[in-house]
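Peer 1: Here's the letter readout for the chains.
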Amino acid sequence: MGLVEEFAVALRRRVEEGLTPEAAHETRRCLLNVLGTAIGASRTAEADALVATGAGLGGGAVVPPGRSEPLERHVAALEIGFAAHFDDYDDTHLETVIHPGAATLGALYPLALIEATTGPGELMAFALGVESQLRVGIAMSPSHYDLGWHITGTCGVIGAAVAAGVALGFDSRTLASAMGLAANFAIGHRESFGTPVKPYHAGKAAMNGLLAAELAAAGTAVDPDVLEGAGGFFALYADEFDLAPLRTAEVEARWVLLDNTYKPFPCGIVAHPAIEAAIGLHGWMEDPANPPVRSVAVRCNPLVVELMGRPTASTGLEARFCALHGVAVGLLFGKGGIEQFSDETARDPVVDELRRRSTLMASESCPREAATVVVTFEDGTTVENEVAVAAGSRGSPLSDGQLMAKFQALVEPVLPGRSALIADAALGLGEHTSFSDIASAVSGR
Amino acid sequence: MTAARTGTPSAELAAFVALSTWEEMPRTVVALAQRAIADGMIATALGSGGPAASAAFVAVARDGGVAEASVIGRARRLPAPFAAQVNATAARDGGGPGTSSVVVASALALAEREGVRGSRLLLGVALGLEVAARVGAALGPSHLKRGYDLAGTAARVGGAAAAGSLLGLTPEAVLSSFGYAATTAGGLAASPPEIRSLVAGLAAADAIWAALLGGAGLVGPPFPLEGRRGLLALESALPDATQLHAGLGSTWTLTAASFGAVPDPAAGKPWPEVRGLEAAESVAALVGATEDLVAR
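Chains as they are written, first to last, in this note's numbering: chain U, 1 to 445; chain Y, 1001 to 1296.
Treat the hints as calculated values from the structure; they're not laboratory data. Backbone N, C-alpha and C fix where the C-beta goes; we use that ideal spot for every residue, glycine too. Just so you know, not all the hints are guaranteed correct.
Where chain Y lies over chain U, by a calculated footprint (3+ residues, C-beta under 8 angstroms) [stated by the list, open to error]:
hint	segment
1	64-75
2	128-135
3	286-296
Far from chain U by the CB rule (all over 12 angstroms, computed), these chain Y residues [unchecked claim]:
hint	residue
4	Trp1022
5	Ala1067
6	Ala1137
7	Pro1141
8	Ala1181
9	Ser1191
10	Asp1240
With the rest of the complex left out, here is chain Y (with noise of 0.2 angstroms):
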């Protein structure tokens, strides 16, 4: 990515979003992206049959809509931001870390509506995952503390982000996608594991919207993470918006351990044999159609 930088942490960080290219993708960076997708199709496998993503399923898709994106485990398809809502609950709710469920969920299901590949979609998953990593240090200690979930609050931001990247909006579009995105963090980390999922799903459907709103001309305040009453200054007690910005490009704050703790089978953990016919061929096709990705 090359200048457009107003100097403010949230404008730079949409500039980041917006401006960033493949070729500037380090391998680390990419192969953490094609991890959190592969990881993230399995986990929602696993949770596409459980309460959790039930209940999501039936409250979204009672009206139907566009077949836009697929239900993993269902064999049904839904408006964007519905098969997301749907996908990241399964994916919480499967065993997947919550931050990267919601990214990847939007990620994914925005990809399929845009028909979006390859290594689009990869940079799309890299700068959501960066931007929910450098929102949650800008958060810190304290917004746990206090008992928020990242699931809710900087994954939101990372979904708006990676939807962002995948829809080509402008800097400023992806500005105003922030607003929409961040305004809405939430989530109680003391709730119960069902409604935890619940709140991913519900952080993965309001990235997507936040992103189409953006996209669709509609603006938000200008400094939504870092304002006097934004997303920092009300979820998080010690701040540090330097996070949000410094070192954009080159330093990468992405690492596996901001996804959370997940099943690693080259360390002898595998995941647990996929459940039931319909989501192994939901997986298997998912991954087909991103396999030129997973496999790079």
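Bound conformation, chain U alone (with noise of 0.2 angstroms):
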């Protein structure tokens, strides 16, 4: 039995036995968190391209959260993905750092509503599709990443096909020609961050992985060696890979979606512990008694500086790479949301003279949940703030209620009045609502 097959034996296996309590509660919170980012940059100017190119081909089978048009199915996956990540605000798996949540969402969304599927099936495709992509990623991090590729596109195929798979009821067979599939559908190049193209990935996963489910479902049988073997998916992608991740003993042993977490703020992860550093600090910035800031430094682990080095921003989307333009809206504002990382407080010239005045300071000594933002005034004076776990870390996760408390932040502009009932609908998957509860809840009907 090749890779492949024993990954999907295993996964299967899962699907027997059933969620834990705690991974049905993770998978729960990361459908919302999810929903809500999707919702929330369902209306961008980028998504509406995105759409209006779209529905312009017909075929209209499923209208996207926070949309009005029916798109084809393909089509809707692509939608839900890219909006889902489109502000760079949805979970994140700090190992590897996969958004795993977005490709899930964008293959399963529509796949559920057109095939009417049933909750109990649809909670342990999405808990699947995360849990799928997240062990391909361990298997070949930091490897893969730092070749260059965007891991959230390459392993969301597959997670986004184990997710379609999983919810057409697919023996291990053809969900192993799905995953296989997957492998030839694998995207994303990290040239593109900073631009529409990022988001693009997990949209484009998820349409490629239900598109692999569909082959898969038509017979399509692939090579069992398609992941492990010479010309294989792992010797393409990586380096240096360790295939324990995706054998049957590992996938046995836990959950590795509860370490599914998620962000407080809408940008690259490692700039969080920065941003809430400066939050932090907001009150001192707004003391008319203090004069006005010479410079700010930021003293932060090494990788701020490699993934969100930029200097400074000129658009939303630059500013999500980042890190001084979060420090900086952190201490103009205290707070650092969607409005924060717009095109427009990008380009904002209060904004702009502080990032300008503010240097990033690598230091290996520090890790990657702290950091530390020193404020020097004109007179000389300074203050300081340290974080030692940021909040939507691992040690320090974001509770039930913070996480409502984002997902209604980021549906009421879109879907006034709505984000309860959506709330409801997403978290009570499998216990008493499905897809369709959700999608109703969504269209207000």
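Dock chain to chain to rebuild the complex, using the hints, since each chain is given by itself in its own frame.
Peer 2: What follows is the structure, given as structure tokens:
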């Protein structure tokens, strides 16, 4: 038996055994969060452009959450994954930096509505869509991402295929074929970061994963060693990899989806400790007794410089990859929501001035979940704030209440008055609701 | 083509696609494009009844959609990306070379959608094939050695170039479309033939998506091909970015060999007889629609 089939058998066994209460709870939290980000970005100019192009093709079968236009199922998958990842506000698995929810939701949402699947099956499909792509990512981390691949796209295709395949009730052989096909449809270069091509990866992962599952259902078979073979997926996409996370023993040992986290701020996660530290100094900035700011120094992990080191930003998308922008808005506004990462705020001259006075100081001894912000005023006095374990990290996860507040803040501007009903439907998935209830709550019916 | 060059390989290649004119096409290049279209249609008809094209058709035709472009051999029309997907799958499965199967399928579907015929269609195919050949040359032998499939990589960019030319995109929009196309480059050369055909099919659809989205104003990165984490850096151990733009417009990388081996009627290796009346009629209809160029 090749690795892909061993992995498929292990995933199928998870289906038979069911979710643990902890895994079910975390799956619903992930669903709530990613549904919120999909709705939150559903009416951006970029989503408008994508939807206008897609709606023009006709075949309308599914209305994506937050939109009014019915789209063909693959196109709907593309839009949902795109919007869900657009603000970089979706769930993040810190070890791999995969955002597993977006592609999973994108593939599952249209399929569940069209096939009228049941809640418990949908919950399991969503859970295994996340679980499977995280395991593929763990197997080739950190080599794969370091080479320049956008792991959310490459692994997301496989997760989306698993979500669709489990929802369709595939046996292990068909599920293996779906994953093997998905490995041939993997996408995503990190060159695109800071442009709408990045969220396109999550959308395309959803679309390609759904396609892989459909082709597998039609009987397309793959080579048994499509993942581990000499010309297989891992050999092409990583210099170093370890197959153990896909083996039966490790799949059965634990649910890695429990390590998934949710961002308090809509930007690259490595900058979150610095933004939280900056927000803690907002009161000092507001104090009229203080002189103007001369400079801001941010002590941080080197990854902040590597991934979010751009010195300034002229668009909201660029701001999401500019740690100093996050620090500036944290200091100036005391928060870091969608509005603080908009095009307008990115071009705000006051924000720009503060960004220009700020510097990242990478330190190998600073952990990824920590940061210190030091503000020096014109009179030479300083204030500083250290965050040791940032909110949203594994050590300090967002509470259910914080997650709900984030969901409401994302959804209410787009769908006023509907966030509570949608959240009820998402958090009840598999107990008393299904995706059709979510869609009803979204559409206000 | 003239000016509007900004000096970087991706931008120069995009400007080449957007600004080249029919009058600048060398006769040999036009002949290769005609040959690729004719071969592509025959291969598509041959592969249209096979399991790969059937699986692709079932997957993408469920919701129907606007009848934009013909699915060869099925008497159906689908939205252009989906028609191109089924046709490119069939073309490769029917013995067509991977790269030109992708470029021709995306060009024909988009041309049908846009009502583009004649010299403009041939120009788009020629530019798409040239871009695919140049991207393939820039990726070099190490790309293939690692196990990538040119039909899923260079041809995606070539297909986007063809589609972008047919849509009349600006140099900036073509550059954006390269970003959407390059980032979807993939496919395992070690996969069985049926899956390699499906990879070609998806590549043709992705090429059209890239051109449509670039044309819709969605931007991409400035250096999608030669950037530090772009196509060449990720999918080749020894890339040569100069191949992307050296001598553009004066030197043509495109040769018959860029497509791979195809049956050659002139060498006494004719295509097998087209199977099935429906397939034959589809080919006849398509050849009729483009006969002014195929015969040119």
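Peer 1: Against each hint, give a clear statement of whether it holds in the structure.
Peer 2: For each hint, the structure was consulted:
1. 64-75: holds (count 3)
2. 128-135: violated (count 0)
3. 286-296: violated (count 0)
4. Trp1022: holds, 27 angstroms
5. Ala1067: Violated: least Cβ distance 8 angstroms, not greater than 12 angstroms.
6. Ala1137: holds, 19 angstroms
7. Pro1141: holds, 15 angstroms
8. Ala1181: violated, 10 angstroms
9. Ser1191: violated, 6 angstroms
10. Asp1240: holds, 18 angstroms
Comparing the model with each numbered hint stated earlier shows that hints 2, 3, 5, 8, 9 do not hold.
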